[in-house]
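Use the sequences and the hints to build the structure in full.
Protein chains: 2
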Amino acid sequence: MSQPFPQHPDLEPIAFLLGRWRGEGKGEYPTIPPFAYEEEIRFWHVGKPMLMYTQRTMTPADGMLRHSEMGYWRPAGEGRLEIVLAHPTGITEIQEGTVSGSRIEVSSSMVGLTGTAKKVTKLERSFDVRGDVLSYELRMAAVGQPLQRHLTAELRRVE
Amino acid sequence: MSQPFPQHPDLEPIAFLLGRWRGEGKGEYPTIPPFAYEEEIRFWHVGKPMLMYTQRTMTPADGMLRHSEMGYWRPAGEGRLEIVLAHPTGITEIQEGTVSGSRIEVSSSMVGLTGTAKKVTKLERSFDVRGDVLSYELRMAAVGQPLQRHLTAELRRVE
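Sequence lines, in order, name chains G and D. Counting from 9, one number per residue, gives the positions in the first sequence under this note's numbering. Counting from 9, one number per residue, gives the positions in the second sequence under this note's numbering.
No wet-lab data here; the hints were simulated from the structure. Mixed in with the good hints, there may be bad ones.
You can't tell identical chains apart in this list, so a pair holds if it fits in one copy or across any two.
[What the hints assert, rightly or not] With a Cα cut of at most 27 Å, we get these calculated DSS-like pairs of lysine-lysine:
#, residue 1, residue 2
1, K56, K127
2, K34, K56
3, K56, K126
What follows is the structure in structure tokens.
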């Protein structure tokens, strides 16, 4: 997590995300049984006007890896934010929305799917950071189901 | 680059990519002056049926960071490959194509763009690995220009 580059001034509105976060979340969806997960999220920068983002979730009982994501968070001026993400499940997200204080609200303007990916059509994400606590909610429309809550989690900054 | 997980058997067709690669490339496009770059690419796995991929390029003279990408490479059965990528420039790629021996050919079935991204409409990538040498070509249609060569590079496995 060494950050040898000066922080780009455009990052100031989302600098509250920087660091490593760990915590727990729960998932639900009409097509699957509810589940719990552990999660680690990292945000870092390399001197450019975007944050690098990686994430992984684990099964609480045995620490087995479940999901992961990677991508970039781009301040887009005037309280706007763009997020570009890749999922190992064959999905990409173009997310666009707002940053207001330490509250982020984004909605997918495009979801990309490989031929073998699950049919996800819409993803909305919201994030709140209060001190060293990050909470988020992810809403998803997929496999014929309407947009609805899929994931909620709360993490603490550990680094 | 520690890989404490057993390699998933589905990765065998693209296991020749695993490792850290360093080398040089050159770029060209009708709308910009030609340029040279240094590059580092890493492929690793976490026991799942996909490779994790990160890449960065630097200006040769001063080592300043230029571009980077992150994403996942997913064998999709029967010589097929899917690649999902995020770019810090506000672009996502869904790439689909073939693996034949150590030759990979993929073409974008979807390019995602944030509102502030450059208008890229098509990306094709090809990769060849011979022993410890990886060469690739990237062809791009963007900003009204037809699909044409944009990047070529040759890297050596260093880890």
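Each hint tested on the structure:
Proximity of K56 and K127 under a CA criterion of 27 Å is satisfied inter-copy only: 21 Å between copies versus 33 Å inside one chain copy. In the homo-oligomer, the alpha carbons of K34 and K56 lie at most 27 Å apart only across protomers (22 Å), although the nearest pairing inside one protomer, at 33 Å, exceeds that limit. Proximity of K56 to K126 under the C-alpha cut-off of 27 Å is restricted to the inter-copy arrangement: shortest distance 17 Å between copies versus 33 Å within a copy.
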